[in-house]
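Engineer: In the order they appear, the protein sequences are chains A and B. Following the working numbering, the numbering of the first sequence begins with 1 at its first residue and continues without gaps. Following the working numbering, the numbering of the second sequence begins with 1 at its first residue and continues without gaps.
These are computed hints drawn from the structure, not numbers from a lab. Every value quoted in this text rests on a predicted model; they were computed, and no experiment measured them. One should not assume that every hint holds.
To be verified - Derived SDA-like pairs: lysine to any residue, alpha-carbon spacing no greater than 20 angstroms straight-line: (1) A:K43 x B:P41; (2) A:K43 x B:V3; (3) A:K43 x B:N94; (4) B:K17 x B:T108; (5) B:K54 x A:G44; (6) A:K65 x B:K17; (7) A:K52 x B:S21; (8) A:K65 x B:D83; (9) B:K17 x B:G82; (10) B:K46 x A:K76; (11) B:K46 x A:K65; (12) A:K52 x B:I59; (13) B:K54 x A:K43; (14) A:K43 x B:F40; (15) B:K46 x A:G15; (16) A:K43 x B:H33; (17) B:K46 x A:K58; (18) B:K106 x A:T104; (19) A:K43 x B:S21; (20) A:K43 x B:Q16; (21) B:K106 x A:V61; (22) A:K65 x B:S97; (23) B:K54 x A:K58; (24) A:K58 x B:D83; (25) B:K46 x A:R19; (26) B:K17 x A:S105; (27) A:K58 x B:T108; (28) B:K106 x B:G69.
Chain by chain, the residues:
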Amino acid sequence: EVQLVESGGGLVQPGGSLRLSCVASGFTLSNYWMTWVRQAPGKGLEWVANIKQDGSTKYYVDSVKGRFTISRDNAKNSVFLQMDSLGAEDTAVYYCARGIATATSYWGQGTLVTVSS
Amino acid sequence: QSVLTQPPSVSAAPGQKVTISCSGSSSNIGNNHVSWYEQFPGTAPKLLIFDNNKRPSGIPDRFSGSKSGTSATLAITGLQTGDEADYYCGAWDNSLSALLFGGGTKLTVL
Chain A
1 EVQLVESGGG LVQPGGSLRL SCVASGFTLS NYWMTWVRQA PGKGLEWVAN
51 IKQDGSTKYY VDSVKGRFTI SRDNAKNSVF LQMDSLGAED TAVYYCARGI
101 ATATSYWGQG TLVTVSS
Chain B
1 QSVLTQPPSV SAAPGQKVTI SCSGSSSNIG NNHVSWYEQF PGTAPKLLIF
51 DNNKRPSGIP DRFSGSKSGT SATLAITGLQ TGDEADYYCG AWDNSLSALL
101 FGGGTKLTVL
């Protein structure tokens, strides 16, 4: 059974850091682009970043460039999102997704990040 | 950064057909595939349509997608109360090198 399980969310103060993890099971992670998408409370979906199968290519939304870093460890079936210099605007549920616009698309259930003092 | 435009809400009666539009530009919809996602409150989104008009396994043929120029449309026929959800379009933007989502459309089945 395919599973994506996100973790690492929580309450953090403005200016702080968090590292989100997404552990994959039931499929070969190295075969897929992986994506992080976030959704602020009561708002729509916002793509955050994605990473190629071998980690050689990464893309970011402008609002997180220089602050967030996406990475992966295929041997450990994991994808990560390092988030630094967090602000209130980063408060959201963060979803990890496989093949976001392909026939084999699959999303995790998300992890909540709250940035507040 | 969202430059894909969707109507905030649509509604129709059970059994009827509804369409949801998604308008973009030549840098996104005009030159890339469109995907559509369904999201129920408190749950993760699910892919309904990819490559403009293809359905992943398990998605009923009541859901269909089309694209013309810089716009795309999701159609849902035989509406059911269980279709009440938020629907999002998505497309890659070549100028921004970013994946864009529309603002989302809330479907109400009256």
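Engineer: If any of the earlier hints don't hold here, list their numbers in rising order.
Structural biologist: 3, 5, 6, 7, 8, 10, 11, 12, 13, 15, 16, 17, 18, 20, 21, 23, 24, 25, 26, 27, 28
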